[in-house]
Amino acid sequence: MFSGIPLFPTQASTLAADVDALYLFIVAITAFFGILVTIVVIYFAVKYRTNDPMKVGARIHGSIPLELAWSIIPFLITIVIFAWASSVFFDIYRPPDQTLEIYATGKRWMWKFQHLDGQNEINELHVPAGRPVKVTFTSEDVIHSLYFPAFRVKADAIPGRYSSVWFSATKLGEFHLFCAEYCGTNHSGMVGRVVVMEPTEYEAWLTGTVRGGSLASRGEQLFGDLACNTCHLSDGRGRGPSLVNKFGSPERLANGSTVPVDEEYVRESILMPAVKLVDGYQPLMPTFQGLVSEENVMALVEYVKSLRAQSSTVSRAEASEEPAQPAATRENR
Amino acid sequence: MTVGAPIAAPKVTYLNHEHTVASWLLTKDHKRIGIMYLVVVTFAFFLGGIFASMIRLELATPAGDLVSADTYNKMFTMHGVAMVFFVLIPAVPAILGNFILPLMLGAKDVAFPKLNLLSWYVFVIGFTFTLYAMVSGGVDTGWTFYTPYSSRASNTNVMATGLGVFITGFSSILTGLNFMVTIHRMRAPGLTWFRLPLFVWAVYATSLVQILGTPVIAITVLALAIERFLHFGIFDPVLGGDPVLFQHMFWFYSHPAVYIMILPPMGAISEVIAAFSRKSIFGYSFVAFSSLAIAIFGFLVWAHHLFVAGISVYSALVFSFLTYAVAIPSAVKTFNWAATMYRGAIWLKAPMIWAIAFLGLFLVGGLTGLFTAALGVDVHIHDTYFVVAHFHFIMVGGAIMGYFAGLHYWWPKITGRMYSDIWAKVAAIIVFVGFNLTFGPQFILGYLGMPRRYHVYPAEFQVLNVLSSAGASILGVGYLLVAIYLLASLFFGEEAGDNPWHATGLEWTTQSPPLPHNFASQPVVTEDAYEYSKREIKVV
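Listed in order, the protein sequences are those of chains H and E.
Sequential numbering from 1 applies to the first sequence in the numbering used here.
Sequential numbering from 1001 applies to the second sequence in the numbering used here.
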């Protein structure tokens, strides 16, 4: 697929078609106005040209109706573009409820992906076609940007916080993944491929590459190794709050405010526990900043998520029952 | 009105009334200071051009085979630093503005001539620091200096470059202040605000941005230095800072800085198009106020550089909307320029050819901004070659072409000599063609997904990159040609006479090159700008 001279990128996700439709609309609008003004300028330059420097032009100072027309009409057109583009943007940033979750870490100069079932990949990401996939990621050093051109999505990987992108692949094959934010020497080497597979092949791939336990079980292991379990007792009688059924629900803080317990909050609470202290608890927890790698933080986050009674995250086991999203074999438009 | 001044006895001009080196280095004459800026900026332009050539040579093949990755990263960084801070920002205001603005106002000089000289020295000191940073190992952060790469990871000369930028900023602030006071206080009798040439309006709007925006980059660089040296956590999350805060602060200046770069060339274009169409500018007050609108709205759009940097969806919506709002005054200007040509008496001399080339390229640059402002599309094209192509169409196709149009227009006034009209037209066409070939393919590359700042790239992008590199070499030839015939004009050019273009404007009423104190007697203005039709009865 990497042969020939491409002029238009492969459309390999549900979003790609939406983005391209909008893109082509703007191409049409801008081409129309660009060509119109060009023709007008060239026409005037030819029609009114003179070699007599003593000639002067007509006495015209302007026209209010024209000024209003060429202010208001472009403004209305830009409103249309703005509205359409914003609605596409909402789709890009709002993942569907049921997604296959994958974690990723950017570090100079590689991408490490962690699947929930424990598989790890570097600069390569295997995903099933036809299912929404959400990649949650951060950076261990400087800012990177995780970019899947064939899916038309990217987001910066910013140290200290989580970002995410989602896509639902519609085309089987291998596509580029790039780092899009300059990150130093081998920025252009921080590339890889995303492999879109038939769901059945994907299952086979997962089974074939399984090593160790699931991400959540690795998190559980860490939870013990780091002695988190000595305070975060599951019955709520420890020095730290119980984490059972914590994820996804709002948490009341010591300062009176309420935050949703999401990936970002769990991460922050591990690395900077004093920042958002839970109401009724003492700031006893030490910071784990610099002691736990981002990958292990993700394992811990996943463990905390797994302590929910009902998980909205789809693990591999549930995957096959998932109703098929736009089919894998969907044709390119 | 004289056509080509008769050969007269040697006249006293600002160039020949004093000859010593000290008479230049200690001059308070805005015209000589303008020339001194011209020398430094031209040097920076060639330096930036050499870096650009290295980039395009490296990218002719997908592999990183010409220079190492680190060298490549320094090349694009230093290309950006040299071009943005030492060419685009000073080119039109500091060179043409310094030279022409007081002449246009019928003034003897700017309001604060000593401050004006100080601005030049501050500029040169800042440039020297930057040059030092470049020759003593270079810098590799990109001209955007994003944290935490610049504060923690890069071990190149970040702070020497930062100091250069910091110092140079003060030159920009002082120049802006000087011009603003000059425009308020030094206008000739009768030269009311709505009789001002549009170049003056553009410079005024630019001064506003320079004064209000530039301190922010100074603060940002200072904060970066505090973090780098004293390890105060401002931007680095490990120290408790926020890396995205840097981007907000950086773009709060650097986006308005785009308007520092493009507004003055727009002003020059208004002058050239009116002069060579022999007409009043169409919609004078709309063009004038659009400059102010751009200057003001330009402060409200910075976060469109952060659409994929984790800002909230709702702030992205607001900034996208405001970005579309700032596009309208630019569109209004473009339509007015085109309308000015309607029923003009269009004299296609070289400056007009450069101005028409500007219109073509600026149009593409402006229209492609509609893509980058569109949230849903920007997610895909952000940080790709689409953006590189877009801002080069604005910055080079717009700002540099506008600068060249202005330079060709006022060259006879500045030097008293005519350059070769035919070679100047040939150069304009070569630059236009070379430019489109260089940056046109980059739009396609960007939509294909090629990220910017890539030393090596996938092989399927090669053909478009080769086209781009070929275009760059044509572009280089075009620029060299300009340097050659302009230099040649100093030695072989015909005497220009006071007003070779038969243009309106006070600058054309004094001799070329002007007197040391500009005018023999205080000019008085009795009519609006661009009153060509009053001058002759003959109307086409």
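Hints are supplied without guarantee of correctness; some may be wrong.
Among chain E residues calculated to face chain H with C-beta under 10 Å, some are [to be verified]:
#, residue
1, N1016
2, T1020
3, A1022
4, V1122
5, F1282
6, L1292
7, V1308
8, A1309
9, W1347
10, L1348
11, L1363
Calculated from the structure, these hints are not laboratory results.
A quick note: this is a predicted structure, and the numbers were derived from the prediction, not measured.
Here a beta-carbon is modelled for each residue, glycine too, at the ideal position from N, C-alpha and C.
Practice item. Could you check if F1282 of chain E really has its C-beta closer than 10 Å to a C-beta on chain H? Key: holds, 5 Å
Review point. Holds or violated: is there a CB of chain H closer than 10 Å to the CB of V1308 of chain E?
Key: The hint holds - V1308 of chain E has a Cβ within 10 Å of chain H, the shortest such distance being about 5 Å.
Practice item. Closer than 10 Å between Cβ atoms is the bar; does A1309 of chain E clear it against chain H? Give me holds or violated. Key: Holds, because the Cβ-Cβ distance from A1309 of chain E to chain H comes to roughly 5 Å (cut-off 10 Å).
Practice item. Tell me if V1122 of chain E is really an interface residue toward chain H, meaning its C-beta lies closer than 10 Å to one of theirs. Key: violated, 30 Å
Check your understanding: Going by Cβ atoms only, is T1020 of chain E closer than 10 Å to chain H?
Key -> violated, 39 Å
Review point. Was the hint right that N1016 of chain E lines chain H, CB cutoff 10 Å?
Key: Because about 28 Å separates N1016 of chain E from the closest Cβ in chain H, which is outside the 10 Å limit, the hint is violated.
**Study point:** Per-residue hint verdict: W1347 of chain E, partner chain H, C-beta under 10 Å
**Key:** holds, 6 Å
Exercise for review: Have a go at the L1292 of chain E hint: is there a Cβ in chain H nearer than 10 Å to its own Cβ?
Suggested key: This hint is violated: L1292 of chain E lies away from chain H, its Cβ roughly 15 Å from the closest one there, beyond 10 Å.
Practice item. Closer than 10 Å between Cβ atoms is the bar; does A1022 of chain E clear it against chain H? Give me holds or violated. Key: violated, 41 Å
**Study point:** Hint check: 10 Å Cβ-Cβ cutoff, L1348 of chain E to chain H
**Key:** With a minimum Cβ separation of about 5 Å from chain H (threshold 10 Å), the hint on L1348 of chain E holds.
Practice item. So, L1363 of chain E near chain H? Judge it on the closest CB pair being under 10 Å. Key: Cβ of L1363 of chain E sits 6 Å from chain H, so the hint holds.
Going through the hint list in order, the structure does not satisfy hints 1, 2, 3, 4 and 6.
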